[in-house]
Each structure stands twice: as structure tokens, then as C-alpha cells.
Amino acid sequence: MNGWHGRILRVDLTNQTTSAEDIDPKIARDYLGGRGWAIRYLTDEVDPMVEPLDPENKLIFATGPLTATSAPTGNRYMVVTKSPLTGALAHSNSGGDFPTWMKRTGFDLFIFEGRAEKPVYLWVNEDEVEIRSAEHLWGQDVPSTTDALLAETNPKAKAACIGPAGENLVLMAAIMNDKDRAAARSGVGAVMGSKNLKGVVAYGRKNPVFAEEKKMRELSIKIAKEVGADMLAGSSLREHGTAYVPQVTNTLGILPTRNWQAGTFEGVDTIDGPTLTEKYLIKPKPCYRCPIACGRLTEVPDGPYAGKGEGPEYETISSFGSGCGVDNLAAITKANYWCNELGLDTISTGMTIAVAMEMFEKGYLSEEEIGQPLRFGDPDAMIDMVQKMAYREGFGNELAEGSYRFADKYGHPELAVTTRKQEFPGYDPRGSQGMGLLYATSNKGASHMEGDVAYEEVFGVPVKADPHSTDGKAELVKRFQDAFTLIDASGLCVFLAVRYVFSADRMIWPVRLSQLMEYTTGIAYTPKEVLEAADRVYTLERMFLLKAGSTEDTLPPRMLNEPLPDGPAKGQVNRLDDMLPEFYKERGWDENGWPTEEKLKELGLE
Amino acid sequence: MKIRLKLISTYRELLPKGTQGNKIEIDVPEGTRVSDVMTQFNVPQDDSSVIVVNGLTVPLSTILVEDDEVTAFSAIAGG
Ligand code: SF4
Numbered sequence: 001m002n003g004w005h006g007r008i009l010r011v012d013l014t015n016q017t018t019s020a021e022d023i024d025p026k027i028a029r030d031y032l033g034g035r036g037w038a039i040r041y042l043t044d045e046v047d048p049m050v051e052p053l054d055p056e057n058k059l060i061f062a063t064g065p066l067t068a069t070s071a072p073t074g075n076r077y078m079v080v081t082k083s084p085l086t087g088a089l090a091h092s093n094s095g096g097d098f099p100t101w102m103k104r105t106g107f108d109l110f111i112f113e114g115r116a117e118k119p120v121y122l123w124v125n126e127d128e129v130e131i132r133s134a135e136h137l138w139g140q141d142v143p144s145t146t147d148a149l150l151a152e153t154n155p156k157a158k159a160a161c162i163g164p165a166g167e168n169l170v171l172m173a174a175i176m177n178d179k180d181r182a183a184a185r186s187g188v189g190a191v192m193g194s195k196n197l198k199g200v201v202a203y204g205r206k207n208p209v210f211a212e213e214k215k216m217r218e219l220s221i222k223i224a225k226e227v228g229a230d231m232l233a234g235s236s237l238r239e240h241g242t243a244y245v246p247q248v249t250n251t252l253g254i255l256p257t258r259n260w261q262a263g264t265f266e267g268v269d270t271i272d273g274p275t276l277t278e279k280y281l282i283k284p285k286p287c288y289r290c291p292i293a294c295g296r297l298t299e300v301p302d303g304p305y306a307g308k309g310e311g312p313e314y315e316t317i318s319s320f321g322s323g324c325g326v327d328n329l330a331a332i333t334k335a336n337y338w339c340n341e342l343g344l345d346t347i348s349t350g351m352t353i354a355v356a357m358e359m360f361e362k363g364y365l366s367e368e369e370i371g372q373p374l375r376f377g378d379p380d381a382m383i384d385m386v387q388k389m390a391y392r393e394g395f396g397n398e399l400a401e402g403s404y405r406f407a408d409k410y411g412h413p414e415l416a417v418t419t420r421k422q423e424f425p426g427y428d429p430r431g432s433q434g435m436g437l438l439y440a441t442s443n444k445g446a447s448h449m450e451g452d453v454a455y456e457e458v459f460g461v462p463v464k465a466d467p468h469s470t471d472g473k474a475e476l477v478k479r480f481q482d483a484f485t486l487i488d489a490s491g492l493c494v495f496l497a498v499r500y501v502f503s504a505d506r507m508i509w510p511v512r513l514s515q516l517m518e519y520t521t522g523i524a525y526t527p528k529e530v531l532e533a534a535d536r537v538y539t540l541e542r543m544f545l546l547k548a549g550s551t552e553d554t555l556p557p558r559m560l561n562e563p564l565p566d567g568p569a570k571g572q573v574n575r576l577d578d579m580l581p582e583f584y585k586e587r588g589w590d591e592n593g594w595p596t597e598e599k600l601k602e603l604g605l606e
Numbered sequence: 607m608k609i610r611l612k613l614i615s616t617y618r619e620l621l622p623k624g625t626q627g628n629k630i631e632i633d634v635p636e637g638t639r640v641s642d643v644m645t646q647f648n649v650p651q652d653d654s655s656v657i658v659v660n661g662l663t664v665p666l667s668t669i670l671v672e673d674d675e676v677t678a679f680s681a682i683a684g685g
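Chain order of the listed sequences is A and B. The first sequence begins at 1 in the working numbering and counts up one residue at a time. The second sequence begins at 607 in the working numbering and counts up one residue at a time.
Hints in this document: simulated from the structure, not taken from any laboratory. Because the structure is a prediction, the values reported are computed rather than measured. Every residue gets a Cβ at the ideal spot worked out from N, C-alpha and C, and that includes glycine. Accuracy of the hints is not assured; some may be wrong.
[Claimed, not checked] Cβ pair distances, simulated, as ranges: (1) Lys585/A - Thr668/B: 26 to 36 Å; (2) Arg610/B - Val50/A: 53 to 63 Å; (3) Gly604/A - Val671/B: 50 to 60 Å; (4) Val664/B - Glu226/A: 29 to 39 Å; (5) Arg610/B - Pro155/A: 37 to 47 Å; (6) Arg217/A - Lys608/B: 49 to 59 Å.
Construct the entire structure; sequences and hints are all you get.
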């Protein structure tokens with residue numbers, strides 16, 4: 001095969017054996033790769049009703065056909081499994097170096113099954129594959145685990161691993177790669193922990209072969225040049241990372257503040273990108289061969305929050321910052337470092353602490369229950385909770401279950417701002433209607449990464465959509481869900497793809513993406529075909545979560561019944577009911593949200 | 607009348623030299639449109655900018671009133 005290797009590495013942790021197998025070329029073509037192949041395998045091999053932390057669940061690492069190619073930002077992989085946080089599907093994306101190294105082993109997918117009796121790690125050096133003991137690494141944080149894994153295998157290799165949070169089955173545990181990059185959401189780290197799999201190390205020289213080498217190179221260079229020109233002209237992503245976004249969302253009144261009790265934050269000027277750049281930025285840090293370099297290598301040089309590492313990105317600032325009412329950027333950055341070191345998703349961790357803060361301030365939780373006061377705006381209590389969550393210590397053990405389960409246990413599930421029990425990312429859907437529809441219907445629970453219509457509603461890319469209107473949002477959300485599915489299946493990064501790989505008309509028509517796929521794989525994909533394949537993948541994922549019993553597409557009561565009290569979206573709630581029926585029609589689903597027989601047939605999924 | 611102009615992230619450079627932060631207050635004559643302010647500060651008025659008044663999407667021909675806040679940022683980056 002071209003582009004793909006067409007090979008899967010299967011790792012049976014229970015029996016400590018590994019095997020290689022080929023992928024059926026028809027599945028390869030119809031499901032594109034990455035997230036697409038992974039859901040096909042998950043559907044075929046895992047009962048959707050499985051307990052996510054049982055050995056019967058499987059954990060899939062998946063690269064795409066464009067991973068490890070010359071296509072700019074072709075550095076991503078997906079982690080796909082059944083999520084312990086949502087009880088539905090998890091598909092978490094990450095970049096950095098590891099995904100490229102993984103693909104160079106000569107395998108597109110690693111499928112982990114069963115459970116090792118004792119902690120192990122996997123070392124893949126092309127066809128030499130070993131399951132090794134990781135008993136000496138259990139309990140160690142992400143940086144020391146990563147250093148040890150590389151020292152024991154090959155310093156030129158790259159590693160992904162879990163920290164204490166994953167070992168302790170914390171429901172928002174991440175899988176970290178290259179120390180600071182995260183497949184963060186939906187508790188994929190807990191699934192890895194449940195399998196006693198501490199880490200995965202990859203090395204190889206098997207670069208994918210392109211069907212049309214010259215055309216591939218030319219198009220890659222063309223895209224890279226366009227990106228380069230924008231970077232020279234001045235790019236917010238390069239200059240400030242996504243940390244520039246709080247000013248934007250605050251202006252629109254959709255910056256989550258004090259657990260979504262408000263949409264504007266008085267401390268926004270002290271937690272935004274230019275402040276980060278001025279005070280703590282060492283340099284922008286790119287994922288492998290990325291011309292954008294939105295990552296931030298930072299250092300808080302002194303004071304109580306001194307440290308060095310990567311971040312924070314926008315999502316981290318909106319959860320630990322405005323979300324927890326904290327206006328101290330050094331503290332937010334420190335919370336981010338802790339999450340990276342302990343292996344936690346910054347969105348769910350920060351937003352869960354925010355719920356506990358509201359419950360404490362309202363008197364629903366006492367100081368005795370928490371073990372300390374936990375007020376909005378208290379950075380030290382916040383950071384303390386992050387550590388307690390990772391180790392399930394004291395009240396951290398309650399928060400480790402995620403905001404919905406813990407708020408429900410203490411009698412106030414309405415304060416958890418989640419869908420499918422997963423915490424919202426940083427865009428308030430009362431002031432960006434399409435985002436509400438997206439959160440309510442995302443296959444992985446609330447997420448911006450499954451069709452970020454904030455691109456149009458907030459950032460004006462490729463065109464500006466009115467965030468307060470529900471008109472056309474059903475079609476917009478469907479279009480972005482398919483586009484993001486396609487990006488995730490291909491192995492590219494969304495930051496590049498939305499602007500440079502889709503044509504800048506309203507249809508975000510994937511002309512270039514289908515070309516890149518064609519030059520790589522040799523299959524004459526048309527833009528229509530790749531979108532159809534994305535629809536197929538999305539619909540198959542939908543079937544998985546429906547069969548898992550996750551059938552309700554809704555938003556938490558705060559979004560539907562409590563109008564925003566401030567800012568430009570003051571007085572508004574999310575009008576999900578105005579959009580949902582039309583959205584189901586757009587997707588070819590019946591009035592209850594189930595894909596119709598006809599739709600399944602059309603996609604070859606019957 | 608007085609209005610406020612906020613230029614975010616990379617557009618901060620378009621504010622007068624020496625401006626602290628991302629916001630200034632300016633005096634404009636009655637009848638000033640959003641586009642007039644954008645022209646005065648060299649903010650691109652095509653698809654490459656997002657321009658809002660008091661956080662709301664409005665046409666560039668909108669006539670401003672006392673105390674309005676006009677905000678612009680580059681649409682190039684995405685989030
Ligand atoms: S744009 Fe940012 S996240 Fe995407 S590949 Fe580049 S550095 Fe990584």
C-alpha cells in the first residue's frame with residue numbers, strides 16, 4: 001500500500017503476545033485511516049456495552065495516511081476507545097513527535113487488548129516488538145517516566161505514557177506524549193491504566209511511500225509557503241498561541257466564568273496571550289515539522305508558582321483561569337504544568353474544580369467535606385486539588401470522577417456543565433448557538449474538536465456566522481463534523497486544515513485534502529468521496545454510542561434555562577430545540593436521532 | 607462623542623504607539639460609521655478581519671453612538 005502501511009500491530013496484554021496483521025484494502029479506502037479505521041475496528045471487536053475499564057475494552061492508537069508525510073502538520077494520531085468518563089466513544093487527538101515515530105515503525109495502528117497482570121510498557125522498534133516490565137516506573141510522573149523509557153530503549157525513540165492519574169483510573173486522565181502533548185479528553189489515560197500499560201515507545205525508519213512523490217512534494221511546499229506568508233504577516237497563533245483567545249471570547253461574552261455563571265471575566269487582561277508572551281514565553285514550540293508552532297514553551301521564573309514546561313493554551317486558561325475565577329496567570333500556568341506531569345486533561349480537571357467551588361460558595365459542600373475552603377479565585381486551593389485528584393487523595397477522590405458524577409453524588413447535578421458527562425470546552429453556547437448544537441450531539445460528549453463551529457461563529461474562518469442566530473446552524477454543524485472527522489482520519493492538525501486545506505468558500509470543500517490523500521495513497525479520491533467517507537465514519541461512531549446506551553442529545557439546565565447575566569449575549573439561553581430536528585434531518589437520522597435504514601445503506605453500514 | 611476601540615492580539619500594533627493594553631478611547635464626530643474608524647486605524651475590512659460593536663456582529667455601515675465599543679481582530683488565525 002501507499003501512504004498507509006496497511007499493517008496493524010495487535011498487542012494482547014493478558015497473554016503478553018503481539019502479532020502483525022494486514023488491513024483489508026476496502027476498509028482502508030472506505031474509512032480513510034486514523035479515527036476512521038479505529039472506529040471500524042472498535043465496532044467489529046468491542047461490545048458497545050462493555051465496562052470501559054474492563055479488559056474487554058480495547059485501546060487503539062491510530063495514525064492517518066498523512067501522518068509522517070511531507071504534508072505540513074502531518075504529525076497527529078488519535079486514541080480511540082470506549083470512554084470511562086462518558087460511557088460513550090472516546091477519540092482524542094495529539095501531535096508532537098510520537099505519532100510520526102509511531103508511523104515510522106511500519107504500523108498504522110496499535111490495538112491493545114486485555115490487561116497485563118503487572119505494569120508493562122511496549123517497545124516497538126519496527127518489527128522487533130517487546131512487552132517489558134514497567135513495575136519500576138509505576139507511580140512515576142510523566143517527565144521521569146518518559147526519560148526512563150527512552151534511556152532503556154533508544155534515546156532517539158519517542159514515547160507516550162500515563163502519569164499517576166491514569167494509574168489511579170482518574171476519569172479525566174490523559175495519555176501524554178513527548179512529555180507535554182496530550183491525547184487529553186474522555187479519560188483515555190484511565191483505560192490505559194486499567195490495562196496496566198504504563199507507556200509505549202516507538203522508533204523506526206519506515207517512512208510511508210507516496211503514490212505520486214513529485215505532486216505530493218509540490219502541493220506540500222505550496223501549502224507551507226502560504227502558511228509562511230501568513231506567519232510573516234503576523235499570526236496570533238504563532239505570536240501568542242491560542243492564549244490570545246480569552247480576549248476574543250470575553251468580547252463576545254462567551255468566556256466561561258466562575259463555572260459558567262457569567263460570560264465575561266474582569267481579570268481577562270491579566271490572563272491573555274500578550275501577557276503570557278511578555279512574562280513567561282521562552283519560545284513557540286512546534287509539533288513535528290509544523291510551520292505554525294502554536295505550542296508554548298514557558299517558564300515562570302520565580303515565586304510560589306515557579307516552574308518550566310509547556311502551555312497554557314486557551315482551553316487551559318478558560319478552565320483554570322476564568323472558569324475558576326483565577327486571574328493569576330502564573331498560577332494557571334503552574335496548574336497546567338501539574339496536569340502535564342501527572343497526566344490530566346486540563347479542561348475537565350479545571351472545570352470540575354470550578355463546579356466544586358460553586359458548590360462550596362453556595363453552601364452545598366462544607367469545609368469539612370472538602371478538607372479546606374475552596375473559593376473561586378483561590379489559586380492555591382485550585383492547584384492543591386489538581387494534585388489530590390491525580391492521586392485520588394481526600395476530596396480529590398470525589399473530583400476524580402468528573403464533575404457530573406461528583407455533583408450528582410452531593411445532590412446538585414444541575415451545576416455540572418457537561419454533555420454525556422464530559423465537561424464543556426471554553427465557548428459558552430448561550431452566546432454561540434451552533435456550539436451548543438455541537439456539544440449536544442458530539443460523539444465524544446462536549447468537545448470543540450469534533451466540529452469546531454467557533455471557527456465561523458467566533459473567529460470568522462472561513463466566513464463569519466452570527467453566533468446568536470440558530471439559522472443554518474444545523475447544516476453548519478454537520479459540515480464541520482464531517483470536515484473534522486476527515487482531518488482526524490487523515491493525520492493533519494485542524495489549525496492548518498481549516499484554513500489552508502479546505503477551500504475558503506462556505507462549503508469548506510476539501511479539494512486539497514482529497515488531493516493530498518490521492519497523491520499519498522494513489523486512490524483517486526474526489527472531494528465528494530472523502531466527505532462521504534467522513535459521513536460514514538461519523539455515522540458508525542454514532543451507532544457505537546447509541547448502542548452503548550448514550551442516546552440523549554441535550555445540554556445541561558444552565559445552558560437551556562439560565563440566561564447569561566452579562567455581556568453581549570445577556571439574556572440568552574441556548575435554543576437547542578430550534579436546531580436539533582433540522583440537524584437530524586441534515587445527518588439522515590430519524591426524529592430520535594438514530595441513523596435511518598436508508599442512510600446506513602447509502603453509507604454501506606447496514 | 608467618545609467611543610472605545612479595542613484591537614486584539616496582532617492588531618494591537620495598529621493602535622497608536624505607546625498605548626498600554628489593547629484599548630483606547632477616541633473622540634469621533636456624530637454620524638461616524640464603523641468603517642470610518644477601521645479606515646482611520648488601517649484595520650483591513652475584508653474577510654481577514656472580524657469586527658464587532660459591543661460584542662455583536664453588525665454591518666460596517668452601522669453608525670456609532672456615544673460609548674460604543676468597537677473591537678477587531680485578525681480572522682487569519684482561527685482558534
Ligand atoms: S498548529 Fe499547533 S497544534 Fe497544530 S501541529 Fe502546529 S504546533 Fe501542533
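Report task. Could you tell me which of the numbered hints above are not met by this structure, giving the numbers in increasing order? Result -> Of the numbered hints given earlier, the structure breaks just one, which is hint 5.
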